[in-house]
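A.B. asks: Sequences listed follow chains A and B, in order.
Each step along the first sequence adds one to the number in numbering that gives the first Met the number 0, with nothing skipped, and position 184 is 183.
Each step along the second sequence adds one to the number in numbering that gives the first Met the number 0, with nothing skipped, and position 79 is 78.
The set of hints was computed from the structure by calculation and includes no laboratory data.
Be aware that one or more of the hints could be misleading.
Okay, the calculated bits of chain B under chain A, using three or more residues with CB under 8 Å as the criterion [unchecked claim]:
| no. | region |
| --- | --- |
| 1 | 42-51 |
| 2 | 64-74 |
| 3 | 91-102 |
From chain A, some residues computed to sit far from chain B (all C-beta separations above 12 Å) [unchecked claim]:
| no. | residue |
| --- | --- |
| 4 | I34 |
| 5 | L129 |
| 6 | D144 |
| 7 | K195 |
| 8 | Y247 |
EDC-like cross-link-like pairs, simulated, lysine to aspartate or glutamate; straight-line CA separation at most 16 Å [stated by the list, open to error]:
| no. | chain 1 | residue 1 | chain 2 | residue 2 |
| --- | --- | --- | --- | --- |
| 9 | B | K53 | A | D257 |
| 10 | A | K90 | B | D50 |
| 11 | B | K281 | B | E221 |
| 12 | B | K132 | B | E118 |
| 13 | A | K255 | B | D50 |
Being a predicted model, the structure only gives us computed values, none of them experimental.
Note that the Cβ used here is the ideal one computed from N, Cα and C, for glycine as well.
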Amino acid sequence: MFNIIRTEWLKVRTYRTFWVLFGVAVLFIPAINIIVAEFNRNIKGETKGLFSIALYDFDTVWRMMGNVTSLFTIFFGFLVIILVTNEFTFKTHRQNVIDGWSRVDFLLSKVFWVLFLSVFALIITVITGLCLGLVYGKSDIGFDDFSAVWFYFGQMVLMLTMALFVGMFVKRAGLAMVLYLAYTMGVEQLIVAVGKKYVGSVFTLLPIQAGDEMMPLPIVDKMVPNVSLYSPTVYALTIVAYIGLFGYLVYRKMAKADL
Amino acid sequence: MSILSLNNIAKSYGRIQALKGVSFDVPAGSVFGILGPNGSGKTTLLGIVTDVLKADSGTFTLFDGPAGADARKQIGTLLETPNFYHYLSAFDNLRIAAAIKGRGEDDIQRVLGIAGLTERQHSKFKTFSLGMKQRLAIASALLGDPGVLVLDEPTNGLDPVGIAEVRRLIKELAGMGKTVIMASHLLDEVEKVCDHVAIMLKGNLLMSGPVSQVISREDFIEMGAADLERLKQVIAGHPAFSSIVASTETLQVSFHNGTTAEEVNAWCFENGVRLNHLIIRKKSLEAAFFEITKA
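With the rest of the complex left out, here is chain A (with noise of 0.2 Å):
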């Protein structure tokens, strides 16, 4: 494993579209939270306390870091969808084999940065909650709701998942950009709101969703309480299950496809 990250590593090192969305990806994590925040304490201040619920107060701050984060995991998923197609559009993915990678070893190269960054933005936003509790809270630390940062890694977890599963199926950068955003930001969230609605709330099971059903704003679950149908654990498992699912559907692909 070590020899496949430090060919990862090679590969990015001087690769400047990559840092650039590196760089946004991770400067979004604290810059969002920060705007909010300050956004918060504003209304505080000009409502003369009327709207009085703090938003980065310990442990409320763990919700909102999942909550706000989340919508710009984005930003990680088009990450992962580059580093893939780049290796479609140039055939490296053959020349990787061809030199003496397995299949599998190329698939794991790309399962790295599922996970490296993954981990990477769950630092951060854990660093980036920590800073604005003790700047904009006024409680001592805590991590009462910390659960939503674990729901909100495992969302990161599924969403690049599902970046590396377009991005092995689709293999065209822009094309895969397009379907992958076009779900995520909207196709599903569609499907819930209507399926919600005339079916019931088993169509709070798909792969975001199940995610965001475990991380409402703070504001909305004081003023709609405990909307969501099922457990945590049931909703976890969900997340669990669709990233083993696109997980084995990329592998299979890998395993037996004319690459």
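We have chain A; now place chain B onto it with these hints.
C.D. replies: Chain B in isolation, oriented as in the chain A frame:
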């Protein structure tokens, strides 16, 4: 030892059967040419050997053992087009190849030197000409000094000097005892470089073996006389006569048993025909190839 042993390999793309049960062995130390026109299945065959394509049926071994990733690490391969990261330099691309092959980076300068790319090693791959890309691919195949090379159309895109250099390089490598498996649609390339050949056509293996046996090119004698019709009658009566092709001014005659020009001249003279034209010629390579592929 067989470097590569193919056993009844078949492969289809939808309705098109690209390989129809191909079997042959590549002996160690040979320069083995896979010869055939475009679309004959050469690249498909090498794609299967390098695991970028999956055979529908059949098996193959590398180094008399299972054809896994470890076996491929011992083979330097150039398959079809050069595949490199466009945004990286030649040097960085070779670092990746070296990392995957599990070899150190200390060989990179040597192979860049062989490919004549030392000065351009830090230029991005996307700035390279087609010939330079091909040379980088050859450099990558040579990385780590592998004992076996698989080269698919290695002179593609090269200028005449580059073509001559690559052919000389292949001969040098063969002289060092390395095994080279080379696919080509260029007859003269195979004849100049290879000692063994497999001839493929439309997914079938027509023949394989040493080049001198597979592409047999017996001599024929071109002759002329004032009375061509009389000459034709006389020569047809020669005991070793085999076949004749007539043109307006000369006859091209094949004989059995290595009949010499002197014997033919004497035969004609004894039968009252004086020759005004007598040359020994070799059957063209194209003619020999077309004979095989027509069969």
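A.B. asks: Taking the hints in turn, state whether each one holds.
C.D. replies: Checked hints:
| no. | hint | in the structure |
| --- | --- | --- |
| 1 | 42-51 | holds (count 4) |
| 2 | 64-74 | holds (count 5) |
| 3 | 91-102 | holds (count 8) |
| 4 | I34 | 33 Å, holds |
| 5 | L129 | 37 Å, holds |
| 6 | D144 | 43 Å, holds |
| 7 | K195 | 43 Å, holds |
| 8 | Y247 | 18 Å, holds |
| 9 | B/K53 to A/D257 | 6 Å, holds |
| 10 | A/K90 to B/D50 | 14 Å, holds |
| 11 | B/K281 to B/E221 | 10 Å, holds |
| 12 | B/K132 to B/E118 | 14 Å, holds |
| 13 | A/K255 to B/D50 | 10 Å, holds |
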